[in-house]
Amino acid sequence: MIKVHDFHKSFGDKLVHKGVSFEVQKGECLGLIGGSGVGKSVILRSLIGLEKPDRGLIEIDGVIITGLNERELVDIRKKVAYIFQGGALFDSMTVFENLAYPIREHSKTNEAALTEKVLSQLQQFGLQGSEYVYPAQLSGGMQKRVGIARAMMMNPEFVLYDEPTAGLDPFNTKKIQELILHLKSTGVTSILVTHDMPTAMAVCDRLVFLLNGRIEAQGTLAEVKSESNPLIKKFIDGEAS
Amino acid sequence: MPFVKFWNDQLEFYGGLTLLFKQVIHDTFSGKFYWRLLFDQILQVGVKSLPLVLITAASTGMVMALQFGVGLEKFGGKLYVPKLVALIILREMGPVFTSLMVAARIGAGFASEIGSMVVTQQIDAIRAMGTSPIKRIVIPRVLACLIALPILTASANIVGNLGSLWVGAYELDLDGNFYLLKILSTVTLKDYFSGFFKTFFFALFIALPACYFGLTVTKGTKEVGIATTKAVVVGSIMILVGNYFLSKLFWIIGTVL
Ligand SMILES: Nc1ncnc2c1ncn2[C@@H]1O[C@H](COP(=O)(O)OP(=O)(O)OP(=O)(O)O)[C@@H](O)[C@H]1O
Ligand SMILES: [Mg+2]
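Listed in order, the protein sequences are those of chains A and B.
No gaps in the numbering here: position 98 of the first sequence is 98 in my numbering, and each next residue is one more.
Whatever position you read off the second sequence (first residue = 1), add 241 for my numbering.
No lab work stands behind these hints: they were computed from the structure.
Hints may contain errors.
Stated by the list, open to error - Straight-line C-alpha distance at most 30 Å; calculated DSS-like pairs for lysine-lysine: (1) A:108 <-> B:273; (2) B:273 <-> A:14; (3) A:14 <-> B:460; (4) B:376 <-> B:489; (5) A:117 <-> B:376; (6) A:184 <-> A:14; (7) A:117 <-> B:431; (8) B:263 <-> A:78; (9) A:79 <-> B:289; (10) A:78 <-> B:273; (11) B:246 <-> A:52; (12) B:376 <-> A:79; (13) B:463 <-> A:79; (14) A:3 <-> A:175; (15) B:246 <-> A:18; (16) B:460 <-> A:52; (17) B:289 <-> B:319; (18) B:460 <-> A:18; (19) A:52 <-> B:489; (20) B:263 <-> A:52; (21) B:289 <-> A:52; (22) B:460 <-> A:78; (23) A:52 <-> B:463; (24) B:376 <-> A:108; (25) B:246 <-> A:79.
What the hints assert, rightly or not - Quick list of simulated restraints, FRET-style, between CB atoms: (26) B:250 <-> A:108: 53 to 59 Å; (27) B:460 <-> A:178: 29 to 35 Å; (28) B:466 <-> A:106: 33 to 39 Å; (29) A:6 <-> B:461: 29 to 35 Å.
As the list claims (entries may be wrong) - Reference excerpt, derived from the structure (chain B facing chain A, CB under 8 Å, subset only): (30) 259; (31) 365; (32) 373; (33) 470.
We put the CB at the ideal spot given by N, CA and C, even for glycine.
Isolated chain A (complex conformation) (with noise of 0.2 Å):
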């Protein structure tokens, strides 16, 4: 379970966050959604310890994340994957290599068990083949994928997607929506932040819209299109078409 509680957070004399609470229940999708620069991956960054809020709580699997350092933070980080809006693969890395990489950091597994599993976890994801390229030599769409793929290799408990089908076809979208379908089937709890509302509509349980700051609703796709806020029903409607 995911809880954030009154979260704020400023930089410099920009107040971006001015108090935000909301949880999340084990298996549940919570879709986050609202403009552009309103804050929603400071939230997201703020929940594996990247960014520290300036008053508030959060508390991942039991767990109060904020206040601790970096080395308390490991444990939580191996149980939340965390998809960057970019990607953010290690340039200097073969796609392999990046895959590798949280296995080799935090288990003993052996060289072939561990080639095995990366070669896998590529097939499921359309890219096998990919394996000695470079991140840099690989499409938008697909180093994506490979982001997603790495985030995945260990198994885990948590997912946050900031934007996961953000410059993706619709192929891929629809694939990305799949796999998280399939995670929260398996029961993966998980927080998505997207402009994309035919993907929050597909996969989300519950959505939170955030605005100036605050969160201006939060509910049921159906309680959130209810809400009188015209800018709510323009966000929504205006995306979807």
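Position chain B with the ligands relative to chain A; hints supplied.
Chain B with the ligands in isolation, oriented as in the chain A frame:
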């Protein structure tokens, strides 16, 4: 207000640098150590800088021998050239010029590489996967400089003196054997160590600010360029200014011992 801002920035920089240094020391001796990454960096810093460092050393040694030779000849002091040049190389020019060249080559490389990793979120990814950018990125670079710079300097000292020997023998018409003997009989271990110990400080002056400026890039590639420039400028200034104080320090230590 610009005055206040200036001191604010200075404090932030030195504070950040100190914290980074503290973390490097702590993390070097705890947990996982990446030997392979260290060897990669030693190759980058040490082996690949060698040609640049040796060319610098040879030409510096040659030009000093020439200038001193021509200058001192008027006073009949040409015979002091080997002694003078050897001392200057060992105590000052060897360590300082080597470090400056490495600062330019390596400092710039560190800052731009790390800065780009920040911009493309690779540093975030390292952290997000429960690993440490200090351990993977900073420590191998700092240690590589600490290991490579003394060795580079030692090679520069030798090549610098050979350069001066060559000029002494062929341009100043001094006997080559005499020249070599003069060098070997003048310089003491104390002279060598005075320069040698400085290089450990210089290694830190190169690696720490470079890593710091790289890591503190926040957004955008333009800032990577600025970080690169800062790494070279600050590293070089710290070497040059630090050198005076270190020379003085080692001179005092030398007289006590
Ligand atoms: N490290 C930082 N330093 C300064 N400001 C920052 C930093 N990170 C984020 N911000 C600011 O916080 C605000 C929210 O950023 P964030 O990246 O979370 O937006 P977002 O909702 O993810 O937008 P998008 O949908 O475009 O990705 C932005 O105005 C941004 O300028
Ligand atoms: Mg974002």
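Do the hints match the structure? See the list:
{"no.": "1", "hint": "A:108 <-> B:273", "verdict": "13 Å, holds"}
{"no.": "2", "hint": "B:273 <-> A:14", "verdict": "39 Å, violated"}
{"no.": "3", "hint": "A:14 <-> B:460", "verdict": "16 Å, holds"}
{"no.": "4", "hint": "B:376 <-> B:489", "verdict": "34 Å, violated"}
{"no.": "5", "hint": "A:117 <-> B:376", "verdict": "26 Å, holds"}
{"no.": "6", "hint": "A:184 <-> A:14", "verdict": "36 Å, violated"}
{"no.": "7", "hint": "A:117 <-> B:431", "verdict": "58 Å, violated"}
{"no.": "8", "hint": "B:263 <-> A:78", "verdict": "26 Å, holds"}
{"no.": "9", "hint": "A:79 <-> B:289", "verdict": "40 Å, violated"}
{"no.": "10", "hint": "A:78 <-> B:273", "verdict": "16 Å, holds"}
{"no.": "11", "hint": "B:246 <-> A:52", "verdict": "25 Å, holds"}
{"no.": "12", "hint": "B:376 <-> A:79", "verdict": "21 Å, holds"}
{"no.": "13", "hint": "B:463 <-> A:79", "verdict": "35 Å, violated"}
{"no.": "14", "hint": "A:3 <-> A:175", "verdict": "29 Å, holds"}
{"no.": "15", "hint": "B:246 <-> A:18", "verdict": "29 Å, holds"}
{"no.": "16", "hint": "B:460 <-> A:52", "verdict": "18 Å, holds"}
{"no.": "17", "hint": "B:289 <-> B:319", "verdict": "37 Å, violated"}
{"no.": "18", "hint": "B:460 <-> A:18", "verdict": "23 Å, holds"}
{"no.": "19", "hint": "A:52 <-> B:489", "verdict": "44 Å, violated"}
{"no.": "20", "hint": "B:263 <-> A:52", "verdict": "21 Å, holds"}
{"no.": "21", "hint": "B:289 <-> A:52", "verdict": "40 Å, violated"}
{"no.": "22", "hint": "B:460 <-> A:78", "verdict": "26 Å, holds"}
{"no.": "23", "hint": "A:52 <-> B:463", "verdict": "26 Å, holds"}
{"no.": "24", "hint": "B:376 <-> A:108", "verdict": "19 Å, holds"}
{"no.": "25", "hint": "B:246 <-> A:79", "verdict": "42 Å, violated"}
{"no.": "26", "hint": "B:250 <-> A:108: 53 to 59 Å", "verdict": "46 Å, violated"}
{"no.": "27", "hint": "B:460 <-> A:178: 29 to 35 Å", "verdict": "34 Å, holds"}
{"no.": "28", "hint": "B:466 <-> A:106: 33 to 39 Å", "verdict": "35 Å, holds"}
{"no.": "29", "hint": "A:6 <-> B:461: 29 to 35 Å", "verdict": "32 Å, holds"}
{"no.": "30", "hint": "259", "verdict": "18 Å, violated"}
{"no.": "31", "hint": "365", "verdict": "6 Å, holds"}
{"no.": "32", "hint": "373", "verdict": "6 Å, holds"}
{"no.": "33", "hint": "470", "verdict": "23 Å, violated"}
Comparing the model with each numbered hint stated earlier shows that hints 2, 4, 6, 7, 9, 13, 17, 19, 21, 25, 26, 30 and 33 do not hold.
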